[in-house]
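Participant: Here are the chains, one letter per residue:
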Amino acid sequence: MKILPLTGLAFLLLLVAPPGGAQLMTERYVPIGESPGISGKESTMGEITAVDRAARTLTVAGDGGAREYRVTADTHVWLDRTRWRLSNTDGSYSDCEVGDYVEVMHSADDPAVAAWVKVRTRGAR
Amino acid sequence: MRHLAPVVLCTLLGSCVSNPPTTPADLVARGEQLFLFETFEGNGRTCGSCHRPTDNFGLTPAFIATLPDDDPLFVAERVPELGRNFENPRLMREFALILENQDGFGDLENDFNMRGIPHTLGLSVSIASANGPRTGWSGDGAPGDGSLRAFATGAVIQHFTKTTNRVAGVDFRLPTPAELDALEAFQLSLGRQQDIALPLPLASVVAARGQALFMDNTSGKCNACHFNAGANADPRIFGLANDNRNFDTGVEALPDQPAKLTGEKVPPDDGFGVPGNGEFNTPPLVEAADTGPFFHNNSVETIEGAVAFYNGDAFNNSPAGQLIRGATGSGINLDATQVVAVAAFLRVINVLENLRQAEELLGTVQDRRTSRERGAVLLERARAENEDALQVLFGGGLHAEALPVLQEADALLASALDAGDARRREYARQALDRQRAVRALIVSR
Chain G
1 MKILPLTGLA FLLLLVAPPG GAQLMTERYV PIGESPGISG KESTMGEITA VDRAARTLTV
61 AGDGGAREYR VTADTHVWLD RTRWRLSNTD GSYSDCEVGD YVEVMHSADD PAVAAWVKVR
121 TRGAR
Chain S
1001 MRHLAPVVLC TLLGSCVSNP PTTPADLVAR GEQLFLFETF EGNGRTCGSC HRPTDNFGLT
1061 PAFIATLPDD DPLFVAERVP ELGRNFENPR LMREFALILE NQDGFGDLEN DFNMRGIPHT
1121 LGLSVSIASA NGPRTGWSGD GAPGDGSLRA FATGAVIQHF TKTTNRVAGV DFRLPTPAEL
1181 DALEAFQLSL GRQQDIALPL PLASVVAARG QALFMDNTSG KCNACHFNAG ANADPRIFGL
1241 ANDNRNFDTG VEALPDQPAK LTGEKVPPDD GFGVPGNGEF NTPPLVEAAD TGPFFHNNSV
1301 ETIEGAVAFY NGDAFNNSPA GQLIRGATGS GINLDATQVV AVAAFLRVIN VLENLRQAEE
1361 LLGTVQDRRT SRERGAVLLE RARAENEDAL QVLFGGGLHA EALPVLQEAD ALLASALDAG
1421 DARRREYARQ ALDRQRAVRA LIVSR
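The listed protein sequences derive, respectively, from chains G and S.
So that you can map any letter, position 104 of the first sequence is 104 in this note's numbering, and since no number is skipped, the others follow by simple counting.
So that you can map any letter, position 355 of the second sequence is 1355 in this note's numbering, and since no number is skipped, the others follow by simple counting.
What the hints contain is simulated information worked out from the structure, not anything from laboratory work.
Where is the CB? At the ideal position from N, CA and C, for every residue including glycine.
Take these hints with a grain of salt, some might be off.
To be verified - Derived EDC-like pairs: lysine to aspartate or glutamate, alpha-carbon spacing no greater than 20 Å straight-line:
#, chain 1, residue 1, chain 2, residue 2
1, S, K1162, S, E1041
2, S, K1162, S, D1069
3, S, K1260, S, E1301
4, G, K41, S, D1145
5, S, K1265, S, D1111
6, S, K1162, S, E1109
7, G, K41, S, E1179
8, G, K41, S, D1181
9, G, K41, G, D109
Claimed, not checked - Computed far set for chain G versus chain S, every beta-carbon distance over 12 Å:
#, residue
10, G46
11, V51
12, R53
13, A55
14, D63
15, G65
16, R67
17, A73
18, G99
19, Y101
20, P111
21, A112
What the hints assert, rightly or not - Okay, the calculated beta carbon distance ranges per label pair:
#, chain 1, residue 1, chain 2, residue 2, range
22, S, P1061, G, D52, 52 to 62 Å
23, G, E47, S, E1360, 50 to 60 Å
24, S, D1069, G, G65, 54 to 64 Å
25, G, D63, S, R1372, 49 to 59 Å
26, S, D1111, G, D74, 11 to 21 Å
27, S, A1025, G, T49, 42 to 52 Å
Turn these sequences into a full structure, and let the hints steer you where they fit.
Facilitator: The following block contains the structure:
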């Protein structure tokens, strides 16, 4: 029984183990407020009350109060066009404007960083 | 008469189906109804369109060949809106491959993968990991929090849509939180609820030798990642109990993959994450022998071939193969007799699970509280388990003495399906006796 040599293997694998197992890209097609296990639990939903373009932040007035998130190059921004009966699309930080209704999911590594933002578009843009 | 009041109320409201379940059993029953019959206002498919109860809650080419052309599975062949970039009908019919856009829906023409349909048995013991739940072939099959509960939401968006626009409320409706709860409960109820404990006292000398090789970390080395032939890694090596891990085992590097031989477009599958890291999730092996073809791309047809894969260059040159070589000083190198022995072991434990499931199903059939309609559904599943046991043993040249006994059991189950209540229960009891006799032939006391 060569169990001991394989403990070295285990250590190596633990080091390279990837984080979390959610399928991020399907999230784009899940409307605001309907992400299972996320909406109403982990994410913040509400209107954007402030946008600081220089700092790349946005502030959301959610049920638990105002929260500021930093939008990084890794943050996915999606435009939720469900209520216009259109397919949701990729967006960008520049699509986030004061008054927009959004859902923001924080990063697993840093709760002040947005992992993704869904923006409810005001028109069929 | 007070018990009639809810019935009257339900009739008036027309909403009994959506009443919240009150017990775990109710929740499972509600989940089963949703799994098998709910289309979520989409293209007509249900979860059961691909995860067939009588095909081990998966789907094989042989089963697909029995389906009529108007089956919802083949919706891409009939609906113009789904004629492009939704499925590949040839690869579906020939190899049971389903089109998946796990890296996103941005480039439907080029960014997709063709994957097999994993069974949904034993999920309660095969998806937990230190990094969160692992669902689907690459462990990242669910949106939201990545849980099994969330899986149905992603499945509806991917597979149930009426068009490739995938607009919620137009092309489908998403499952409600209550529906997700029920679907999760049903899926968790399927198959084994605990891992087996190896070694088993197997009567077949070949299967027993295969078990020894399987568990030997100097030769087969299988038990390190498939502890007790399950989906979890050996806690004595990896340090964590019930840890379902991802590995890059090099399946994508296999030459002559059947789907690619057709000339159809089959892009490389990068596995877990976006972009993928090449890793795929470890499946349980107890249920393997009757749920081929094997691996995420259905690239190997037989269980013997799946075992032999770990002898080849694709595995031994892969990151997982290299780690094993580094830790033990050698790759995996089994001779043909040893490959067959390990496969024989996997066949035998699969049959033991077939018999366990059949016993569970037939136990419910014999319960006088089980309705005739429900009994018929369970009998069909028990008969499918019996048929699988027969085929798995026959295909491996194992336990020839058990085959006529399983054939008797099959005949009894067929009779039970046509019989009245009392005779049905009696036929079920007799079939169960035969199956218990087969178990006694496989496991020596």
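Participant: Against which earlier hints does the structure fall short, listed by number upward?
Facilitator: none
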